[in-house]
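Student: As a plain string of letters, each chain reads:
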Amino acid sequence: MISYDIVIIGGGPAGLAAAVSARKSGIEKILILERDKELGGILNQCIHNGFGLHTFKEELTGPEYAYRFIEQVLEEKIEYKLNTMVMDISPDRVVTAMSREDGMYQIQAGAVILAMGCRERPRGALNIPGYRPAGIFSAGTAQRLVNIEGYMPGREVVILGSGDIGLIMARRMTLEGAKVKVVAELLPYSGGLKRNIVQCLNDFGIPLKLSHTVVDIEGKEHVTAVTIAEVGKDMKPIPGTEERYTCDTLLLSCGLIPENELSNKAGIQMNPVTSGPIVNESLETNIPGVFACGNVLHVHDLVDYVSEEATKAGANAAKFVQNGSKDTAKGHVVELKATDGARYTVPCTVDVDKMEDLLTVRFRVGAVFKDSFVSVYFDDERVQHLKKRILAPGEMEQVILQKKKLQEVKDLKTITIKIEAE
Amino acid sequence: MEKRELTCIGCPMGCQITVELENGEVLSVKGNTCPIGDNYARKEVIHPERTVTSTVVVDGGDKPRCSVKTAGNIPKDKIDECMKAIDAVRVKAPVKIGDVIIDNVLGTGVNVVATRNVD
Amino acid sequence: MYDVIIIGAGVTGSSIARQLSRYNASVCVLEKCEDVCEGTSKANSAIVHAGFDAAEGSLMAKMNVRGNELMGQLAEDLDIPFKRNGAMVVCIHKEAIDGLKTLYDRGIANGVKDLRILSREEALEMEPNLSDNVEGALYAPTSGIICPFMLNIAMAENAAVNGVDFRFNTKVEAIKRDEEGIWHLRTNNGEYTARYVVNAAGVYADIIHNMVSANKIKITPRRGDYCLLDKEVGGHVKHTIFPQPTNLGKGVLVSPTIHGNLIVGPTAVDLENKEGNNTTAAGIADLIAKANDHVKNLPMRKVITSFAGLRAHEANHEFIIKEVEDAPHFIDCAGIESPGLTSCPAIGEMVGGMLKEKMNLTEKENWISKRKGILNPQELSLEERNELIKKEPAYGQIICRCESISEGEILDAIHRPLGARSLDGVKRRTRAGMGRCQAGFCSPRVMEILHRELGLPLEEVTKSGGRSNIVIERTKGSNGGDEA
Chain A
1 MISYDIVIIG GGPAGLAAAV SARKSGIEKI LILERDKELG GILNQCIHNG FGLHTFKEEL
61 TGPEYAYRFI EQVLEEKIEY KLNTMVMDIS PDRVVTAMSR EDGMYQIQAG AVILAMGCRE
121 RPRGALNIPG YRPAGIFSAG TAQRLVNIEG YMPGREVVIL GSGDIGLIMA RRMTLEGAKV
181 KVVAELLPYS GGLKRNIVQC LNDFGIPLKL SHTVVDIEGK EHVTAVTIAE VGKDMKPIPG
241 TEERYTCDTL LLSCGLIPEN ELSNKAGIQM NPVTSGPIVN ESLETNIPGV FACGNVLHVH
301 DLVDYVSEEA TKAGANAAKF VQNGSKDTAK GHVVELKATD GARYTVPCTV DVDKMEDLLT
361 VRFRVGAVFK DSFVSVYFDD ERVQHLKKRI LAPGEMEQVI LQKKKLQEVK DLKTITIKIE
421 AE
Chain B
1001 MEKRELTCIG CPMGCQITVE LENGEVLSVK GNTCPIGDNY ARKEVIHPER TVTSTVVVDG
1061 GDKPRCSVKT AGNIPKDKID ECMKAIDAVR VKAPVKIGDV IIDNVLGTGV NVVATRNVD
Chain C
2001 MYDVIIIGAG VTGSSIARQL SRYNASVCVL EKCEDVCEGT SKANSAIVHA GFDAAEGSLM
2061 AKMNVRGNEL MGQLAEDLDI PFKRNGAMVV CIHKEAIDGL KTLYDRGIAN GVKDLRILSR
2121 EEALEMEPNL SDNVEGALYA PTSGIICPFM LNIAMAENAA VNGVDFRFNT KVEAIKRDEE
2181 GIWHLRTNNG EYTARYVVNA AGVYADIIHN MVSANKIKIT PRRGDYCLLD KEVGGHVKHT
2241 IFPQPTNLGK GVLVSPTIHG NLIVGPTAVD LENKEGNNTT AAGIADLIAK ANDHVKNLPM
2301 RKVITSFAGL RAHEANHEFI IKEVEDAPHF IDCAGIESPG LTSCPAIGEM VGGMLKEKMN
2361 LTEKENWISK RKGILNPQEL SLEERNELIK KEPAYGQIIC RCESISEGEI LDAIHRPLGA
2421 RSLDGVKRRT RAGMGRCQAG FCSPRVMEIL HRELGLPLEE VTKSGGRSNI VIERTKGSNG
2481 GDEA
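Sequence lines, in order, name chains A, B and C.
If you count the first sequence from 1, position 9 lands on 9 in this note's numbering, and the numbers rise without skipping.
If you count the second sequence from 1, position 35 lands on 1035 in this note's numbering, and the numbers rise without skipping.
If you count the third sequence from 1, position 379 lands on 2379 in this note's numbering, and the numbers rise without skipping.
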């Protein structure tokens, strides 16, 4: 069996940053396995700008952002295989992969980094009633068709979901000559960036209808019309509020789901809130030597944070390979919890003895909070209390934990992040 | 006097800002809760600008389209015309990231450049 | 002129076609859609029923039990998966417990083998996720699960290999009988003539029948909504779980599918519209409520798709399989609702037998009884798979990530007899696009393969024929085409 020090599953932004970081940490034999025909992942179809403000202090398009990392992978001569599907990961880190050129083969990995990204929630999972004709796309599929393949899915469009991909596609389809008639959003607020609402919808006079959903799809062969209706507090459509739009295309931008089929098969423990692996301060899963980063771990809104997280995963995987299995003894492990408006944390545990001096803990809130506080509790004692003008589910938040503060509390069991009114 | 309603894009607050204008001069900015909103509103009402991103047709490449962008912002009211110029272009592979696809588009002083390689 | 024309390429028409392909006869199947398995056959519970439901002495009971008997060998001959997972009819109301005995007695009278009545404890031991209210159950071990697409496709494919002609996108618009007794079928694709006609038109069987007979019949499309759940929860129940039947049918069942998903459904709503297979919010809500009556902790968050099918319901709830009295040489197969899928091998045998006798057909010497299915590389060892990829590299390229379907399987589906010509055609033959992302990932890739293999412009690649094209034109308007 061939062997590599680190095998990275996925050549998108997370996988690329993890690979570069692992190389810079001194690892020689790194292999990136990518199922598409090029590196860069979903960024290749995200041709709009707005990427990289944190990382590069400039506004890049998706392909440009990806290219910054691809260049480094090429310069560092990191090996990668394209058109390669990973079929299985075993608990002892044997990766089974397959491609046209190489057939099906196994690789013994010193460490594995999961960087498979996420996928879109399909119509089926939303239980949208109506017919099942052609012309219904997840926004990302339409984005690929328009931006990569150069084909228009339709001319008259209704979009369900005001996540950023839906907003971006509203503008994109409009610029390519389609008429986007309405964007409906089930929730009373949009999960998309304000900038996208202004520049993708308002600029083109596209109405955004909050607290609305699709209640019917017409058309036997191809979509001919979509009916939306207002929903009440119970999220159920209110009779009498129906509005019918003739159209040939329905785009769905209704959430992203980390793609953890491989992780599940490998027996990796999952966090039901994020649908991503449960990880410790090193972004390591319950299987020693298997790390996770990027959207497969939890769905991000900014690629900059993906790169940052992946850089840590790469360095930690390198450390694991270099220290071997000598360093498996557990130190003082503290559990991280999210309550009172905070939905989850990444990581889920922190080993006080092994953590770096500073640890970034990322989390999301479950609703919009104005003029509230992000509080951190060490057991029952509040140790951080940070005023925020606004907290929204669409924006990932973070707190920083200091190793020396954690060390000061001898029997520290739980760190809790809460959203408090005062 | 003219009144304009804007949504601030500075943060998720999305403050609804009202700007009062006369003869192209801003008289007042209301509704913002911080200086970011004030700055944004003054620029947005006088000369709003946008970056345009799209694709151009590629001949003889491994992909039928190459993604492009305006290398800087252009006036917002030129978006349509800019798209027409971009749509009319055909380039031959290979294209390198950063290649100028349209020089000084619509006399804005801004180039349209490739944002990826097409071999 | 054909000896026999069959109208409809669902499971009934295809089974009859396969049966007739044994004989020296010229046979043609006319299908209004672009592929086989486009009507009632494509959207149902996918159950091979044991046969205790249908009324004692009815043709429906006879066909059901015989169809169930034949299915094992048929599945083997056609190389399609079939499993007798057993069914349980669950009683959750003490006062209704006698109903189980009624069903049991009916099943015995119908000739169903190995039926047993289970106590509450026995039932819960076999199926721990039954409702806490379970009082007892009828257990039918001969009940099974099958893939209706594969069954339909395999029968049609085998018939085609044995010389049956299939004409797709061909809708019968009028039927007349001339003085010599020859049937003339006018279609959108010209006229077809035959000595015998078989009406296997599903929900349209009344329209076809009424073209030739003064004794009108009416087929009511009875819609059933279904939810299909992720494979992750496919093991929630092992058996097919039915409530006790009512006059609207067998009720909302919960069952594993042959491919490892969990299916919940159907509802039952009578319609006028024969194309009304749209799901409704009320329908989905109704079936979720009903399924929870007899199975607990149903993980409805794991729904990957919902769909609706139309049963071809006839008022007497009985199969009409006979020569039409005032239309000699015209044979109806009407009212083929559940258990139609189970019964199709028996209906094929019966109608094939009728025609053989009437027309004095002789058996072909070289009839090919077996059909090889599309290779499933997932059943191979790593070494075998490697050998395969060396020979056929397309098997090394995964196209559908959710179901792990390779390009090799898709190429086979396109190029075999009656091959796939659309995304749905590929999906039903290979399962590409049937997984949890519901074709979001693989659609553009499968479109590309269809475009390349069939020489179709991408704008003409469809979801399921007709006007169901996926993309409408190139971007960039008139400048968007390929290099001249």
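Quick caveat, the hints were computed from the structure, so don't treat them as lab data.
Quick caveat: nothing in here was measured; it's all calculated off a predicted structure.
Among the hints, a few may not be true.
Unchecked claim - Using 25 angstroms as the maximum straight-line C-alpha spacing, the simulated SDA-like pairs for lysine to any residue come out as follows:
#1 Lys2218/C x Ala2174/C
#2 Lys179/A x Asp1087/B
#3 Lys220/A x Ala2109/C
#4 Lys181/A x Lys2218/C
#5 Lys1063/B x Thr174/A
#6 Lys194/A x Pro1012/B
#7 Lys1078/B x Gly1060/B
#8 Lys413/A x Leu359/A
#9 Lys57/A x Lys37/A
#10 Lys1084/B x Glu59/A
Claimed, not checked - Some chain A residues close to chain C (C-beta under 8 angstroms, calculated; not the full set):
#11 Met98
#12 Glu120
#13 Arg123
#14 Gly150
#15 Glu176
#16 Lys179
#17 Leu208
#18 Lys209
#19 Ser211
Think of the CB as a built atom: it goes at the ideal place given N, C-alpha and C, for glycine as much as any other residue.
Student: All hints are to be evaluated individually against the structure, with a verdict given for each.
Tutor: Verification of the supplied hints:
1. For the hint pairing Lys2218/C with Ala2174/C, the CA-to-CA distance comes to about 18 angstroms; that is within 25 angstroms, so the pair holds.
2. Distance check on the hinted pair: Lys179/A and Asp1087/B sit about 17 angstroms apart at the alpha-carbon level, within 25 angstroms; holds.
3. Taken as a hint, the Lys220/A and Ala2109/C pair is broken in the structure, with Cα atoms around 43 angstroms apart against an allowance of 25 angstroms.
4. Between the alpha carbons of Lys181/A and Lys2218/C the distance comes to roughly 42 angstroms, so the proposed pair goes past 25 angstroms and is violated.
5. Straight-line distance between C-alpha atoms of Lys1063/B and Thr174/A comes to about 23 angstroms, which keeps the hinted pair within the 25 angstroms bound.
6. A C-alpha spacing of about 6 angstroms is found between Lys194/A and Pro1012/B, which places the hinted pair at or below 25 angstroms, so the restraint holds.
7. Taking the CA atoms of Lys1078/B and Gly1060/B, the gap is near 30 angstroms; set against the 25 angstroms cutoff, the hint is violated.
8. A distance of roughly 17 angstroms separates the Cα atoms of Lys413/A and Leu359/A; the hinted pair therefore holds under the 25 angstroms criterion.
9. For the hint pairing Lys57/A with Lys37/A, the CA-to-CA distance comes to about 29 angstroms; that exceeds 25 angstroms, so the pair is violated.
10. About 24 angstroms separates the Cα atoms of Lys1084/B and Glu59/A, which keeps this hinted pair within 25 angstroms; it holds.
11. Checking Met98/A against chain C: minimum C-beta separation of about 6 angstroms stays under 8 angstroms; hint holds.
12. Given hint, Glu120/A at the interface with chain C, holds; its Cβ is 6 angstroms from that chain's nearest Cβ, closer than 8 angstroms.
13. Hint on Arg123/A holds. Least Cβ distance to chain C is approximately 7 angstroms, under the 8 angstroms limit.
14. Contact between Gly150/A and chain C, as hinted, is supported at the beta carbon level, the nearest pair being about 5 angstroms apart and thus within 8 angstroms.
15. Checking Glu176/A against chain C by beta carbon gives a least distance of about 5 angstroms; that is within 8 angstroms, so the hint holds.
16. A least Cβ separation of about 13 angstroms between Lys179/A and chain C goes past the 8 angstroms threshold, and the interface hint is therefore violated.
17. Interface restraint check: Leu208/A against chain C, minimum CB-CB distance 23 angstroms, threshold 8 angstroms, status violated.
18. Violation of the interface hint for Lys209/A is found here, the shortest Cβ-Cβ separation to chain C being roughly 18 angstroms, above the 8 angstroms cut-off.
19. Violation of the interface hint for Ser211/A is found here, the shortest Cβ-Cβ separation to chain C being roughly 17 angstroms, above the 8 angstroms cut-off.
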